[in-house]
Amino acid sequence: MHHTVLTLYLGLQLAFPHQAQASQTPQESLNAKWSHDWGFSGIQTFAHLPHVRCLTNPEKAFDVGIVGVPFDTAVSYRSGEFSKNVRNEWHDGARFGPRAIRAGSSRQTPSRGYNPRASINPYATALRVLDCGDMPITPFDNGLALQQMSAGFLELNSRTGLHFPHPKLVTLGGDHSLALPALRSLAKVYSQPITVVHMDAHLDTWSPFGYDSTWLDPGIAPEDQQSAFTHGSMFWLAWKEGLVANGSVHAGLRTRLQDVGDEDSDTAQGWVRIASDEMGPEALGPRGIARKIVDVVGTERPVYLSVDIDVLDPGLAPGTGTPEPGGWLTRELIQLLRGVEDLNVVGADLVEVSPSYDGAGEQTGLAAAQVVFEMVTSIVKRGLKDGAEMREGVGRNLGSDEL
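The numbering used here puts the first residue of the sequence shown at 111, with every later residue one more than the last.
Hints are supplied without guarantee of correctness; some may be wrong.
Claimed, not checked - In silico BS3-like links for lysine-lysine, alpha-carbon gap of 25 Å or less:
(1) K495 - K170
(2) K298 - K170
(3) K170 - K491
(4) K350 - K298
(5) K491 - K402
Just so you know, the hints here were simulated from the structure itself, not pulled from any lab data.
Let the hints inform the model, and build the full structure from the sequences given.
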């Protein structure tokens, strides 16, 4: 009997499909037919998220924004200029990083974005996650580029979020120098120095004047000269400007130093260091490093989470500007990020993806996209957990899906 009824029902649907859709509006019918994207279809945004040029559309409120900063002329090794390699191939730099990370996210979609470890789909909650497009940054003048990035970050971070007091940006780089303008805006918006959790092979707290300073202009303060702004000095500059809180943490360090003075300077700037070797099975491992970071930083201070893709071993992520052997596995980095999900992240970045040095499988872009997915997941999960602290007057059920 049941089989006969089911067969009749299906037969009627096939014979009279318009009857099955009678309750749908024309727009709903079109959406049902054509709004889905496969991983390989559609205009490339991060995770197939809705795209809004957030800088020019202030009326479009959002909570988490993926924003690209295609800038790479503050690098010290593999630059963004076109140059031939030993195989007579043309190489470009990290200005194409945002594009590569978005491509690496192709298999992430809002409809298939459920993260089992966090028990949420970060793209399908009441918190609105958008791809905000890229900041158009000049490649010709680093002083002007810094001015543009500083203005762009301040414009976006100063706005009111849909649920958060301010939107939270996850920036796709681009070289690591973008962290300086990001911190400038966050310190101003939150009216305090920002704690940085920095995962990288390098300190990036070097004074830019440890190198040859013969050509500095004696009429300009050293830190105000354009040559001071690099992807290895931006945290030193941020410290000089009072943007970085004491008790910030590096993790994944393994580069060569000039001498022990580099570490002394880093300590004087208020940083705690965790070496790459601490990831080993006989050392702290991912969970131990995560516990140490949370113990140092706490879960209430505003945190800027900054991940340089070169924290991974170059055998797994070759597409970067300053590769250092002996890095972490992708799995270890992901485990560590999951272990610090309770941090109060107010901004984040994934930087130094230089796709022309990547492998045929685009493994660096894939790893970077997964890291961004974990960042967004943790930001959204913490936001849902802290629902009572969100902007008053919204009056929405944060467990519902309104995307």
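Is the straight-line distance between the alpha-carbon of K495 and that of K170 25 Å or less? holds (24 Å)
Restraint status (C-alpha distance of K170 to K491 at most 25 Å): The given pair, whose Cα atoms are some 22 Å apart, holds under the 25 Å limit.
Measure nothing beyond the straight line between the CA atoms of K491 and K402; if it is 25 Å or shorter, mark the hint as holding. Satisfied, since the Cα-Cα distance of roughly 21 Å is no more than 25 Å.
Below or equal to 25 Å on CA atoms is what counts here, so check K298 against K170. holds (22 Å)
Straight-line alpha-carbon gap K350 to K298, limit 25 Å: At roughly 15 Å apart (the allowed maximum being 25 Å), K298 and K350 satisfy the hint.
The structure fails none of the hints (numbered hints given earlier).
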